[in-house]
Amino acid sequence: MKNSIKVERAKKNMTQATLADLAKVSRQTINAMELGKYVPSTVLALRLAKIFEVEVSEIFMLEDVDWE
Amino acid sequence: MIPSVIFGCMNLFLEYEPDFFDFNVPTIFVDKVFGNGHFFGLVENNIFNEILGVFVIISSLIVAFSREKLEDEYISKIRLESLVWAVYLNYAILIISFLFLFDMTFFWVMIFNMFTIILFFIIRFHWQIYSLKKASENEE
Chain R
1 MKNSIKVERA KKNMTQATLA DLAKVSRQTI NAMELGKYVP STVLALRLAK
51 IFEVEVSEIF MLEDVDWE
Chain C
1 MIPSVIFGCM NLFLEYEPDF FDFNVPTIFV DKVFGNGHFF GLVENNIFNE
51 ILGVFVIISS LIVAFSREKL EDEYISKIRL ESLVWAVYLN YAILIISFLF
101 LFDMTFFWVM IFNMFTIILF FIIRFHWQIY SLKKASENEE
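Sequence lines, in order, name chains R and C.
So the first sequence is numbered by this note's numbering: it starts at 1 and just counts up by one.
So the second sequence is numbered by this note's numbering: it starts at 1 and just counts up by one.
Since the hints were made in silico from the structure, they are not lab data.
Model, not experiment: these values are computed from the prediction.
Be aware that a few hints might be false.
[Said to hold, decoys possible] In silico PhoX-like pairs for lysine-lysine, Cα to Cα no more than 25 Å straight-line:
hint, chain 1, residue 1, chain 2, residue 2
1, R, 24, R, 37
2, R, 6, C, 77
3, R, 11, R, 50
4, R, 50, R, 2
5, R, 2, C, 133
6, C, 133, R, 6
7, R, 12, R, 37
8, C, 134, R, 24
9, C, 77, R, 12
10, R, 37, C, 77
Okay, chain C solo, but in the shape it has when bound (with noise of 0.2 Å):
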């Protein structure tokens, strides 16, 4: 997961996109700048980004959602009232940079909003799993 984000965020940042990537791609729709879009058709793109963001979405989901050690009734009732919660506050700054964001900025902040929510899911889950380990460890 690590190094596909570096990856993706020096892709982002400084358009870094190695030629060898460079492919005609098979596209559900292409749309045109001039002229009307059609249905099925190949477009050439630079399919680095693509690849990362498979990779960046697939690995966060496998940290996101493999099982606990010892996956219990308790454990997945916080996994989905983390869930909810990364719902929740990730439309809230959505929101928020709808009302108060525009042009570029806005389409930035789209584009992180595509992994934030498993981001915060993983972030607010494994936070309540460590404080409740730790909660339990000076019971007895």
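For reference, chain R alone in the conformation it holds in the complex (with noise of 0.2 Å):
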């Protein structure tokens, strides 16, 4: 799964830390979100998306991969 959370970040500028706070998670959970290594579960998915303010659809995004 590929996500642009680093994208809607820079356009709301806000690091990781600021976004980290917002969304009640540590720093690292943000920082593996964006580098893939984690998936988020829904609730933060929704969490990250009303604070960005677009839908979730729009950040988080199904590869190919997502289907084997």
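Build the complex: two chains, separate frames, hints provided.
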């Protein structure tokens, strides 16, 4: 799964730390998600969408490997 | 945790058992060397190692499972992964010692095996958290 957290974060001019505070997770979690090392839970995905004021599907995108 | 581990090792290796810890203690099963065993009774025992064992286990449980400052879903995932990993490693070591160690040496391995599972967990979990923190510091 791909995600555009980094892009959305840049649009809003946020650091990883501020996003982490807003989403009530640790900075490591944000970092791991941006690097594609961690797939967040649905709840966290929805929270991020709310923070960025976009749809979840605009932040997270399926890739071909996700169907295997 | 550390002092009880130190005393625990003293108790194991030097057979250090202070006399004032000698007590008659209740037991669930009395296993006599000669004659039949029976359920429930009193045996004379030095309770020093029991006290230490309980201390080691409780303190390492506290160290292992106390929450991080910010315990989120990713941290809990790492926690679970580390626990599974520790179980695998522990039993891998146990299998090897089953096959290649005998008699008293195996008995010693069994003693340590009671505590190593949680020790492996603590090491692996905190190492993972540490390397994550390091990785997220040079990012921005």
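Please verify whether residue 11 of chain R and residue 50 of chain R have alpha carbons no more than 25 Å apart. holds, 14 Å
Quickly compare the C-alpha distance for residue 37 of chain R and residue 77 of chain C to 25 Å and report which way the hint goes. holds, 12 Å
With the threshold set at 25 Å, check whether the alpha-carbon distance from residue 134 of chain C to residue 24 of chain R stays at or below it. holds, 20 Å
Do the alpha carbons of residue 77 of chain C and residue 12 of chain R lie within 25 Å of each other, as the hint requires? Distance of about 29 Å is beyond 25 Å: violated.
Within a Cα-Cα threshold of 25 Å, do residue 12 of chain R and residue 37 of chain R meet the stated pairing? holds, 23 Å
Pair hint residue 50 of chain R and residue 2 of chain R, alpha-carbon separation not exceeding 25 Å: Distance ~18 Å between residue 50 of chain R and residue 2 of chain R Cα, so the pair holds.
Next pair to validate is residue 6 of chain R with residue 77 of chain C; report whether the Cα-Cα distance is within 25 Å. holds, 22 Å
Run the distance test for residue 24 of chain R versus residue 37 of chain R: straight-line Cα separation, threshold 25 Å. holds, 19 Å
Restraint check for residue 2 of chain R with residue 133 of chain C, where alpha carbons must lie at most 25 Å apart: At roughly 23 Å apart (the allowed maximum being 25 Å), residue 133 of chain C and residue 2 of chain R satisfy the hint.
Given hint residue 6 of chain R paired with residue 133 of chain C - CA-CA distance at most 25 Å: Cα-Cα ~18 Å, so holds.
Violated hints amount to a single one, hint 9; each of the other numbered hints is respected by the structure.
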